[in-house]
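Counted from 1, the sequence shown has number 1322 at position 126 by my numbering; the numbering is strictly sequential.
Hints are computed from structural coordinates only; laboratory data are not their basis. For each residue, glycine too, the CB sits at the ideal point set by N, CA and C. Careful, some of the hints might be misleading.
Stated by the list, open to error - 30 Å max Cα-Cα, derived BS3-like pairs, lysine-lysine:
| no. | residue 1 | residue 2 |
| --- | --- | --- |
| 1 | Lys1278 | Lys1265 |
| 2 | Lys1278 | Lys1223 |
| 3 | Lys1278 | Lys1460 |
| 4 | Lys1265 | Lys1223 |
| 5 | Lys1460 | Lys1265 |
Said to hold, decoys possible - With beta-carbon atoms standing in for the labels, derived distance ranges:
| no. | residue 1 | residue 2 | range |
| --- | --- | --- | --- |
| 6 | Leu1391 | Glu1450 | 41 to 49 Å |
| 7 | Val1296 | Gly1249 | 45 to 53 Å |
| 8 | Gly1365 | Ile1428 | 44 to 52 Å |
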Amino acid sequence: MLNERRLEVLRAIVQDYVGTEEPVGSKALTERHQLGVSPATVRNDMAALEDEGFIAQPHTSAGRIPTDKGYRLFVDRLAGVKPLSTPERRAIQNFMDGAVDLDDVVGRTVRLLAQLTRQVAVVQYPSLTRSTVRHVELLSLAPARVMLVLITDTGRVEQRMVDCPSPVGETALADLRARLNSRVVGRRFADVPQLVQDLPESFETEDRGTVSTVLATLLETLVEETEERLMIGGTANLTRFGHDFPLVIRPVLEALEEQVVLLKLLGEAKDSGMTVRIGHENAHEGLTSTSVVAVGYGSGDEAVAKLGVVGPTRMDYPGTMGAVRAVARYVGQILAES
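Construct the entire structure; sequences and hints are all you get.
Quick look at the structure:
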């Protein structure tokens, strides 16, 4: 375990390197920070930190930079979440308040996160597997053709065309709509199949084929839409950090194009707490020079999806963590009120 003074030296090195982009020397540390010890003592502390793998010397200069291990200790022990200022919170609220539907909410969230953190923003759409049914609408398009519209508690809308085995009148359609909603509204998607399995038997024999066809389409929709969707923005921000990527930026950009990789980066949505993965903690080879800060968001206490940012390991962790958490909170409020 490091003593408190060496932890303070590490904190100072991380802060200075993030702020200046230059390797940090002992003289600069003692000039910029109130460490209360001589430069010689700081040099000894830096030597100990280097021996334990928390900092490294990138080239022959006297300066040191944090390693992945050093950033990890900084985040775990030293970095509080930096709260947003009142103007920043007001700007978030004003920007998000104009959203008209779920796609707009997700799109605004991506742009906002990318602007606030100047990193790559990734936002996962609320998953249907963790959603509940708000309403099922059935609309007649032709005598034997119906549009099924599924609306979730998170504002997600799915539409499907249903070709019925026989013509269905408005009265029968209204009856089916009412009975279907009475069973599924407010219920989790995972519970829907069991809730509607005996519904066709409650209808007249001549209507059961239509009811079964509509239900089959509804259940297919639930299965199809378990596939996760993401939106990504701010990729151009990475070009500001070209020197932070030891080889070339291309492997990072290629990794960011793979949705499966991004979903793994964000982690399981049911884990609503904040996660910070640094450098080689990211399993994908193309992302070992990046860090990921992610958190769950939802319309209640339970997370329905995740959002976060990807950037270089030389990241303002307290500020990034604060921005990601604040945006997640606002998105959750919008979903709860929608």
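Given the proposed pairing of Lys1265 with Lys1223, does the C-alpha separation stay at or below 30 Å? holds, 23 Å
Between Gly1365 and Ile1428, does the beta-carbon spacing fit 44 to 52 Å? Because 46 Å falls inside the window, the suggested range holds.
For the pair supplied as a hint, Lys1278 and Lys1223, is the alpha-carbon distance within the 30 Å limit? Holds - the C-alpha atoms of Lys1223 and Lys1278 are around 28 Å apart, at most 30 Å.
Assessment of proposed distance window 45 to 53 Å (beta carbons of Val1296, Gly1249): Holds: the Cβ-Cβ distance is about 50 Å, inside 45 to 53 Å.
Take the C-alpha atoms of Lys1278 and Lys1265, compute the straight-line distance between them, and say whether it is at most 30 Å. holds, 21 Å
Hinted pair, alpha-carbon criterion (30 Å max): Lys1460, Lys1265. Please report holds or violated. holds, 21 Å
Range hint compliance [Cβ, Leu1391 to Glu1450, 41 to 49 Å]: holds, 44 Å
Check the hint pairing Lys1278 with Lys1460 against an upper bound of 30 Å on the C-alpha distance. OK: Lys1278 and Lys1460 at ~26 Å, within 30 Å.
Every hint, counting from the list given before, is met by this structure.
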